[in-house]
Amino acid sequence: MDNKKDQDVFVAGLGAITAIGNNVGECLASLEEGKAGMGAIRFLDTVHRQKIPVAEVKLDNEELFSRSGSSSRVSRTALLSIIAARAALDNAAIYNISSLRCGFISANTVGGMDKSEKFFAAFHSDPQKGKLRDIMLHECGTITEWVADQLGIFDYVTTISTACSSSANAIFFGARLIRHGMLDLVVAGGTDSLTKFTLNGFNTLMILDQQFCKPFDEERNGLNLGEGAGYLVLVSERVAASLELYCRLSGYCNANDAYHQTASSPDGTGSYLAMKGALARSGLQPKDIDYINLHGTGTQNNDLAEGIAIRRLFDPDFPPMSSTKSFTGHTLGASGGIEAVFSALSVRHGLIYPNLRFHTPMSELPFVPETLFHKNEPINHVMSNSFGFGGNCSSLIFSKV
Amino acid sequence: MNIYIQAASAISPQQTFGESPLLIERKEYNSNRLNIVEPDYRELIDPKSIRRMSRIIRMGVGTATDCLNKAGIKSPDAIVTGTAYGCLADTGVFLTSMIEQDEEMLPPTAFIQSTHNTVGGQIALMLQCHGYNNTFVHRGFSFESALLDAMLLLQENDAINVLAGSVDEITDISHAVLTRFGFYKQLPVSNLSLFSSDSKGTIAGEGAAFFLLTSQPSAGAYAKLDALTTFYKPKDTNEIEQYILDFLASHSIQIDDIDLVITGNNGDHKRDDIYKQLKRSVFINNSLIHFKDLCGEYPTASSFALWLAAYIFKTGKVPAAIQYEGLKKDKLKRILIYNHYLGIHHSLQLVSAC
Numbered sequence: 242m243d244n245k246k247d248q249d250v251f252v253a254g255l256g257a258i259t260a261i262g263n264n265v266g267e268c269l270a271s272l273e274e275g276k277a278g279m280g281a282i283r284f285l286d287t288v289h290r291q292k293i294p295v296a297e298v299k300l301d302n303e304e305l306f307s308r309s310g311s312s313s314r315v316s317r318t319a320l321l322s323i324i325a326a327r328a329a330l331d332n333a334a335i336y337n338i339s340s341l342r343c344g345f346i347s348a349n350t351v352g353g354m355d356k357s358e359k360f361f362a363a364f365h366s367d368p369q370k371g372k373l374r375d376i377m378l379h380e381c382g383t384i385t386e387w388v389a390d391q392l393g394i395f396d397y398v399t400t401i402s403t404a405c406s407s408s409a410n411a412i413f414f415g416a417r418l419i420r421h422g423m424l425d426l427v428v429a430g431g432t433d434s435l436t437k438f439t440l441n442g443f444n445t446l447m448i449l450d451q452q453f454c455k456p457f458d459e460e461r462n463g464l465n466l467g468e469g470a471g472y473l474v475l476v477s478e479r480v481a482a483s484l485e486l487y488c489r490l491s492g493y494c495n496a497n498d499a500y501h502q503t504a505s506s507p508d509g510t511g512s513y514l515a516m517k518g519a520l521a522r523s524g525l526q527p528k529d530i531d532y533i534n535l536h537g538t539g540t541q542n543n544d545l546a547e548g549i550a551i552r553r554l555f556d557p558d559f560p561p562m563s564s565t566k567s568f569t570g571h572t573l574g575a576s577g578g579i580e581a582v583f584s585a586l587s588v589r590h591g592l593i594y595p596n597l598r599f600h601t602p603m604s605e606l607p608f609v610p611e612t613l614f615h616k617n618e619p620i621n622h623v624m625s626n627s628f629g630f631g632g633n634c635s636s637l638i639f640s641k642v
Numbered sequence: 101m102n103i104y105i106q107a108a109s110a111i112s113p114q115q116t117f118g119e120s121p122l123l124i125e126r127k128e129y130n131s132n133r134l135n136i137v138e139p140d141y142r143e144l145i146d147p148k149s150i151r152r153m154s155r156i157i158r159m160g161v162g163t164a165t166d167c168l169n170k171a172g173i174k175s176p177d178a179i180v181t182g183t184a185y186g187c188l189a190d191t192g193v194f195l196t197s198m199i200e201q202d203e204e205m206l207p208p209t210a211f212i213q214s215t216h217n218t219v220g221g222q223i224a225l226m227l228q229c230h231g232y233n234n235t236f237v238h239r240g241f242s243f244e245s246a247l248l249d250a251m252l253l254l255q256e257n258d259a260i261n262v263l264a265g266s267v268d269e270i271t272d273i274s275h276a277v278l279t280r281f282g283f284y285k286q287l288p289v290s291n292l293s294l295f296s297s298d299s300k301g302t303i304a305g306e307g308a309a310f311f312l313l314t315s316q317p318s319a320g321a322y323a324k325l326d327a328l329t330t331f332y333k334p335k336d337t338n339e340i341e342q343y344i345l346d347f348l349a350s351h352s353i354q355i356d357d358i359d360l361v362i363t364g365n366n367g368d369h370k371r372d373d374i375y376k377q378l379k380r381s382v383f384i385n386n387s388l389i390h391f392k393d394l395c396g397e398y399p400t401a402s403s404f405a406l407w408l409a410a411y412i413f414k415t416g417k418v419p420a421a422i423q424y425e426g427l428k429k430d431k432l433k434r435i436l437i438y439n440h441y442l443g444i445h446h447s448l449q450l451v452s453a454c
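For the protein sequence lines, the chains are R and L, in the order given.
For the first sequence, position 241 matches number 482 in my numbering, and the numbering has no gaps at all.
For the second sequence, position 240 matches number 340 in my numbering, and the numbering has no gaps at all.
Derived by calculation from the structure, the hints in this document are not laboratory data.
It is possible that part of the hints are untrue.
Stretch-level coverage of chain L by chain R, calculated; a stretch enters the list once three of its residues show a Cβ under 8 Å from a Cβ in chain R [said to hold, decoys possible]: (1) 222–232; (2) 273–283.
Once the Cα atoms are required to be at most 27 Å apart in a straight line, the calculated DSS-like pairs of lysine-lysine come out as [what the hints assert, rightly or not]: (3) R:LYS292 / R:LYS276; (4) L:LYS376 / L:LYS433; (5) L:LYS300 / L:LYS285; (6) L:LYS370 / L:LYS300; (7) L:LYS170 / L:LYS376; (8) R:LYS372 / L:LYS370; (9) L:LYS417 / L:LYS324; (10) L:LYS335 / L:LYS417; (11) L:LYS335 / L:LYS300; (12) R:LYS276 / R:LYS616; (13) L:LYS376 / L:LYS127; (14) R:LYS517 / L:LYS174; (15) L:LYS376 / L:LYS417; (16) L:LYS300 / R:LYS370; (17) L:LYS285 / R:LYS372; (18) R:LYS616 / R:LYS528; (19) R:LYS370 / L:LYS285; (20) L:LYS300 / R:LYS372; (21) R:LYS372 / L:LYS333.
Keep in mind the model is a prediction, meaning the values are calculated, not measured.
For each residue, glycine too, the CB sits at the ideal point set by N, CA and C.
Assemble the whole structure, with the sequences as input and the hints as a guide.
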């Protein structure tokens with residue numbers, strides 16, 4: 242574990258699957274066309290089907306299975322993960338990968354719960370019932386491991402679960418392992434599929450919008466749950482030298498709000514500390530940030546806390562900002578990975594994404610989110626925010642190479 | 101950089117929590133399920149908060165608090181937690197009410213507390229600790245990942261004091277499901293004769309262990325944490341032997357420099373075969389002790405082994421109750437912990453006297 246703090250970490254590949262596209266190209270097209278991914282529930286078997294809109298990936302389990310290249314019909318969470326992670330590796334196009342020390346660091350919030358809850362329904366009626374294969378991937382770590390095995394990555398494998406900030410933490414833990422010289426390449430990000438467990442859980446918290454969500458709008462009414470997976474291929478300087486790169490991961494920080502198990506503090510302490518720490522790590526000033534991909538769930542609480550924190554840190558130089566959760570829904574453990582993919586594209590191609598359905602500015606904030614898609618913008622630095630239950634707040638900064 | 105274990109605390113199926121002397125004798129269980137010895141949390145946690153906490157949160161928060169008290173540190177710079185299963189009891193409660201109430205009128209508490217980062221978040225909340233906070237949930241690597249993260253934070257000089265630990269619980273549901281997978285011994289066995297049972301399966305365990313790791317120790321530090329490594333799905337025992345020798349070599353240590361090896365034998369004759377082979381090869385000249393007769397098998401049991409190593413250095417002796425074969429050296433300077441979980445997750449922890 243040599244401490245090579247000065248080593249930069251680069252983004253060499255991207256992969257994503259979300260409600261707005263089965264690959265990065267399709268996601269980008271939807272972002273440009275302003276096409277949101279929410280709709281009535283099609284695949285999830287729940288009593289809330291007609292009542293609560295969600296942002297489902299538009300492929301059923303059989304279609305995902307056939308695209309996964311695997312031989313077993315495992316949890317949807319694992320299928321989403323392998324599709325996005327393999328796409329990221331393909332995108333990085335590293336020919337000598339077998340000679341590199343590779344890691345797979347993935348996040349999720351409920352493991353293979355989509356199958357576990359089926360198992361549990363049978364088990365609950367009779368403890369000898371329920372197919373054991375349905376609960377094989379219950380643990381968060383089993384999802385990661387199944388995917389790592391498919392990818393052939395064995396040098397380092399781990400899983401992070403810090404609620405909605407999970408995959409942002411996975412990405413920067415991966416970057417740190419590269420900076421310490423322990424690994425040359427890390428596929429890092431996260432995955433989550435929609436489950437009855439999470440849908441009902443968020444429903445009990447009464448933070449699900451019955452309409453399509455309106456992040457950072459005065460009239461916002463809650464979040465829409467989504468699903469998907471998003472991964473970056475992170476590489477060391479040495480590996481990066483021969484590759485075409487998207488950007489550099491220049492800053493990161495994890496802080497804790499230490500206020501409440503589920504609610505954010507009114508002054509956004511955790512969010513503020515995460516953004517401030519990421520800026521300090523990258524050596525940048527607030528005015529250097531050209532776009533913020535907001536956590537922006539659309540709940541009263543998050544958007545206010547995040548907004549206040551941004552006001553404290555950025556006033557008076559507010560960069561363009563938007564919540565792409567207005568397209569993808571809140572994909573929980575995958576959101577940091579998916580939004581890191583969008584942020585990397587933003588740096589590479591000078592893109593700013595619209596915040597859909599924004600009408601009325603929040604009375605507490607002196608800024609409004611961006612509502613139009615912009616390309617060819619001069620973008621050098623993008624901040625991506627991920628905040629979650631347990632007070633876990635993380636911010637990442639991606640910079641031009 | 102030297103990394104010190106300033107203090108360590110463990111709640112386990114043995115008397116390991118509270119005031120010394122600990123582990124005077126092994127607590128016996130005649131079942132394949134070893135639950136923790138529940139301490140009186142009221143001395144550690146505000147009683148009003150205790151009532152709101154589920155069992156696993158109490159275990160984690162109680163151990164973390166005790167560890168910080170022992171270290172004399174009010175709040176660390178970072179908190180890193182490992183848990184393979186997360187908050188199983190609350191997950192089970194929410195799943196059950198979801199089925200029984202057909203997804204209607206569900207209470208939110210169990211869902212809120214089911215999140216895997218609940219314990220880490222609750223510790224931060226109690227301490228008002230705004231620093232780095234991370235939770236690893238990778239099966240038999242959950243604790244080792246948390247420990248690695250903590251060591252990196254210290255090496256990066258982003259923290260001087262890191263609270264790192266793990267927690268996992270057994271519930272009726274998890275025990276029933278893992279029994280169906282054939283994890284556990286079918287006939288009753290005493291944990292005291294676990295290593296002579298020579299049959300399939302192990303005994304279930306649970307526990308919490310937290311460590312205050314620091315780059316700037318004060319008087320009374322338990323031990324030094326010199327190194328850690330993990331290896332995933334090694335092909336065979338030869339490869340494991342090579343990992344062990346490479347690990348020691350990379351820290352300029354010979355196998356004979358290790359005064360005590362703690363291995364993770366769990367009584368499953370198939371899983372223990374690796375340990376038996378190593379005992380005849382790389383560890384042939386080393387004193388060996390085990391620990392899963394004390395804590396049972398669970399994915400983060402390696403944290404109990406680190407607690408045991410730290411406790412041995414703190415007290416300067418190996419508790420007589422766990423000396424199976426006598427020790428070859430009186431004075432211990434270095435302990436190596438080798439554990440594997442299901443033959444998939446292998447880890448080495450190197451601990452030395454301060």
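Check: Quick one, are LYS372 of chain R and LYS333 of chain L close enough, alpha carbons at most 27 Å?
Finding: With a Cα-Cα distance of about 26 Å, the restraint between LYS372 of chain R and LYS333 of chain L holds, given a limit of 27 Å.
- Outcome, coverage of the segment 273–283 of chain L by chain R - at least 3 residues whose beta-carbon is closer than 8 Å to one in that chain: That given contact holds, which follows from 5 residues of the segment 273–283 of chain L lying within Cβ reach (below 8 Å) of chain R.
Holds or violated: LYS370 of chain R to LYS285 of chain L, with C-alpha atoms at most 27 Å apart:
holds, 21 Å
Restraint status (C-alpha distance of LYS292 of chain R to LYS276 of chain R at most 27 Å) | holds, 21 Å
| message | For a C-alpha distance cap of 27 Å, please report whether LYS372 of chain R and LYS370 of chain L respect it. | response | holds, 25 Å
query = Are the Cα atoms of LYS376 of chain L and LYS417 of chain L separated by 27 Å or less?
reply = holds, 25 Å
What's the verdict on LYS335 of chain L and LYS417 of chain L, does the C-alpha distance respect the 27 Å limit or exceed it? violated, 36 Å
Going straight from one Cα to the other, do LYS616 of chain R and LYS528 of chain R come out at no more than 27 Å? holds, 20 Å
query = Keeping to a limit of 27 Å between CA atoms, is the pair of LYS376 of chain L and LYS433 of chain L held or broken?
reply = holds, 24 Å
| message | Does LYS300 of chain L sit within 27 Å of LYS335 of chain L, going by the straight-line distance between their CA atoms? | response | Since the Cα atoms of LYS335 of chain L and LYS300 of chain L sit roughly 22 Å apart, the hinted pair holds (cutoff 27 Å).
- Query: Is LYS300 of chain L within 27 Å of LYS372 of chain R, Cα to Cα?
  - Reply: holds, 22 Å
Within 27 Å, alpha carbon to alpha carbon, are LYS276 of chain R and LYS616 of chain R?
holds, 17 Å
Hints 7 and 10 from the list above are not met by this structure, while the remaining hints are.
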